[in-house]
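Residues per chain are reported as follows:
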Amino acid sequence: MTTASVTAERRTSEASFGVVLRKVRNSYVLRRILRALFVIYLVATGVFFMVRLLPGNPVDVYINSQIAMYGKSYETAAAEAAALFSFDPGTPMWRQYVDYLVGIVRGDLGMSILSPGTSVVQKIALHLPWTLFSVGLAMIISVSIGLLLGMVMAYRRGGIIDHGVSTLGSVLHAIPNYLFAIMVVVIGAVQLHLIDFTRMRGHSTPGVTPEFSFRYLSDALYHATLPMVVYIFTTVGTWALVMKSSTTQILGEDYVTVARARGLGDGRIRSMYVGRNAVLPLVAQIATQAGFVVGGAIFVEQTFSYDGIGITLFQSINARDYPVIQGILLVITITVVLANLIADLVYSVLDPRIRTGERED
Amino acid sequence: MTQPTAAIVTPRASAVQGFFRELTRSKSGFVGLIIVLLIVGMSAIGPLVVDPSNPTDVNAIWGRPSAAHWLGTDGAGKDTFKQIVLGGRTVVFVGFAAAAITTVIAVVIGSLAAYFRGRFDAVMLQITDVVMTIPQIVLLAVMGAFFRLDSPLWLALLIGALSWPILMRSIRAQVLSLKEREFVEAARLLDLGTFRVVFGEIVPNMASYILINFIIAVTNAIYALVGLYLLGLAPLAGSNWGIMINDAWMKGAMFQNDALPYILSPVAMIVLLQLGLIMLTRTLEEILNPRLRDK
Numbered sequence: 001m002t003t004a005s006v007t008a009e010r011r012t013s014e015a016s017f018g019v020v021l022r023k024v025r026n027s028y029v030l031r032r033i034l035r036a037l038f039v040i041y042l043v044a045t046g047v048f049f050m051v052r053l054l055p056g057n058p059v060d061v062y063i064n065s066q067i068a069m070y071g072k073s074y075e076t077a078a079a080e081a082a083a084l085f086s087f088d089p090g091t092p093m094w095r096q097y098v099d100y101l102v103g104i105v106r107g108d109l110g111m112s113i114l115s116p117g118t119s120v121v122q123k124i125a126l127h128l129p130w131t132l133f134s135v136g137l138a139m140i141i142s143v144s145i146g147l148l149l150g151m152v153m154a155y156r157r158g159g160i161i162d163h164g165v166s167t168l169g170s171v172l173h174a175i176p177n178y179l180f181a182i183m184v185v186v187i188g189a190v191q192l193h194l195i196d197f198t199r200m201r202g203h204s205t206p207g208v209t210p211e212f213s214f215r216y217l218s219d220a221l222y223h224a225t226l227p228m229v230v231y232i233f234t235t236v237g238t239w240a241l242v243m244k245s246s247t248t249q250i251l252g253e254d255y256v257t258v259a260r261a262r263g264l265g266d267g268r269i270r271s272m273y274v275g276r277n278a279v280l281p282l283v284a285q286i287a288t289q290a291g292f293v294v295g296g297a298i299f300v301e302q303t304f305s306y307d308g309i310g311i312t313l314f315q316s317i318n319a320r321d322y323p324v325i326q327g328i329l330l331v332i333t334i335t336v337v338l339a340n341l342i343a344d345l346v347y348s349v350l351d352p353r354i355r356t357g358e359r360e361d
Numbered sequence: 001m002t003q004p005t006a007a008i009v010t011p012r013a014s015a016v017q018g019f020f021r022e023l024t025r026s027k028s029g030f031v032g033l034i035i036v037l038l039i040v041g042m043s044a045i046g047p048l049v050v051d052p053s054n055p056t057d058v059n060a061i062w063g064r065p066s067a068a069h070w071l072g073t074d075g076a077g078k079d080t081f082k083q084i085v086l087g088g089r090t091v092v093f094v095g096f097a098a099a100a101i102t103t104v105i106a107v108v109i110g111s112l113a114a115y116f117r118g119r120f121d122a123v124m125l126q127i128t129d130v131v132m133t134i135p136q137i138v139l140l141a142v143m144g145a146f147f148r149l150d151s152p153l154w155l156a157l158l159i160g161a162l163s164w165p166i167l168m169r170s171i172r173a174q175v176l177s178l179k180e181r182e183f184v185e186a187a188r189l190l191d192l193g194t195f196r197v198v199f200g201e202i203v204p205n206m207a208s209y210i211l212i213n214f215i216i217a218v219t220n221a222i223y224a225l226v227g228l229y230l231l232g233l234a235p236l237a238g239s240n241w242g243i244m245i246n247d248a249w250m251k252g253a254m255f256q257n258d259a260l261p262y263i264l265s266p267v268a269m270i271v272l273l274q275l276g277l278i279m280l281t282r283t284l285e286e287i288l289n290p291r292l293r294d295k
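Read top to bottom, the protein sequences are chains A and B.
If you read the first sequence in full-length UniProt numbering, its first letter stands for residue 1, the second for the next number, and so on.
If you read the second sequence in full-length UniProt numbering, its first letter stands for residue 1, the second for the next number, and so on.
Since no wrong hints were added, every one of them can be taken at face value.
Output of the computed footprint for chain B on chain A, the stretches with three or more beta carbons under 8 Å from beta carbons of chain B:
#1 298–308
#2 313–326
Chain A is faced by these chain B residues, among others (derived, beta-carbon under 7 Å):
#3 V138
#4 A145
#5 F255
Every beta carbon over 12 Å from chain A, so not counted as near; a handful from chain B, in silico:
#6 D51
#7 R64
#8 A100
#9 V108
#10 T194
Because the hints were derived from the structure by calculation, they are not lab data.
It should be emphasised that the depicted structure is a prediction, and the values quoted were computed from it without experimental measurement.
Beta carbons are placed, not taken as given, at the ideal position from N, Cα and C, and that holds for glycine.
Chain A on its own, in the form it takes in the complex (with noise of 0.2 Å):
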């Protein structure tokens, strides 16, 4: 980006042009978005290459099956097989490469081959919202809790919160989010039959139809409990620890002395000076971890037939339906580039260095 504002600049005579290039590169919020989106790009060009350079070429894979089981001609096979991938091995790689560019900007990432007639966008659609409601709304909980728990842990430390938390967080850590989803169904489950585990299976009860209302909105809650109770166990005693040693640095800060010198109130020296600045160097952490918690869902819906995004990839390894595959990878990214994005934004609000300070980034 700035060898290209630099070259633009030497060649602009207009200034106008330069003066918007400068003022991009100045602008910390634009240029963040211009490396997201760049990212994106390398993620989409990445996906494009690995599919084309890995062993089994999904088309060739593709066109010997449908000769094989239906007997069809190579002609019929290579030309339903160049709709299905959207490509054709036939056209020169860089014309199917601006080709598949053109096809993510409008939106069509081409059809799925193991559900003739639907498209990767229309799979995506039906099944991503699932699990970012319910990986979304298990972050914000355990990230709360967490954070304050942290907090709690800070000022009483050596307390009986404190060590609990500690040896509990290490425990909960040290469990990987399947097994502890797998131990759920079976002793919660199966061995003390506290849980429904037929009905709580799927993101909704069959007949129930999305609507904006109370039952609808209790049922997905419903459906969705147990892999929050994962995603949230898992991490929340992470938040918690991590919390603690933040704060626990800020407390020792020099600033923190000062307020209570000047007589600051309590709730006032927690929120403003201790809180607001132990929180900071965590929202980075947060951004990656959620892209972690995406990446785990692919474990935690399997494990209880969730239908959400990580089943759905699953069942298209499994399948090798591969235009799905890179659709889901290509969707995955995103999200996570965008919490990132979403994340280093907030930081730079919460922290004016960020959008001031360095110049190399």
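Could you slot chain B onto chain A? The hints should help.
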């Protein structure tokens, strides 16, 4: 803080002694170390000592724990305890091998990128940006489907090759600050050569940090590996803890009351190993980072 490296290198024996004294003083760190050593030891020595034949026994399907079968039997009447003893080798091996690969890549690239800066640094940062954006487990699942991962070494290579970016970033940040120190300048003035300055002077100063991150990398690798087994994306040949869980899940053993010991045993082994490793890192952090010790 600015000790010359010589002071760190020569009294190695006493440093190691002091290190172990600190480690044994902390209860949780000691317990963690013991757990890890026991499980790693069992997995390494077990297959050499225990007779690998584990016959099916139709009369003892889903048997309860007894004197003959300490942890009961599985759906084919095979002894669960034997499977546990023999089934740790792949998990432990892949965990440590993948972590070693990740750590080496991260340290080499991270320190060189920070030391040279310039274009190499920029390209590496951009690559990590991209790799960190795709959830590692998703990428792993997709790559697992493309490649035939029929040996543990391939699994370790794949997991190791996909998980270095985060560590590389923190190593890079550390080197950026370390390379401004006096001892690095001294080494440079002595004209020791880039290789010796980076790997002889700078990297040893991060040894504790690298060790902690190595152990964290082990836990991450085991998480990824068992996840792959659970989804059936790693080859389900032979028997190990991950395959046992996959087996219990796929054959619906989860929903049988009698299968409880068979499911719980591998889960418990993996959780214990992870817990031991995490307890170890927490304690190591306290020992090696004195700032956390002020209680």
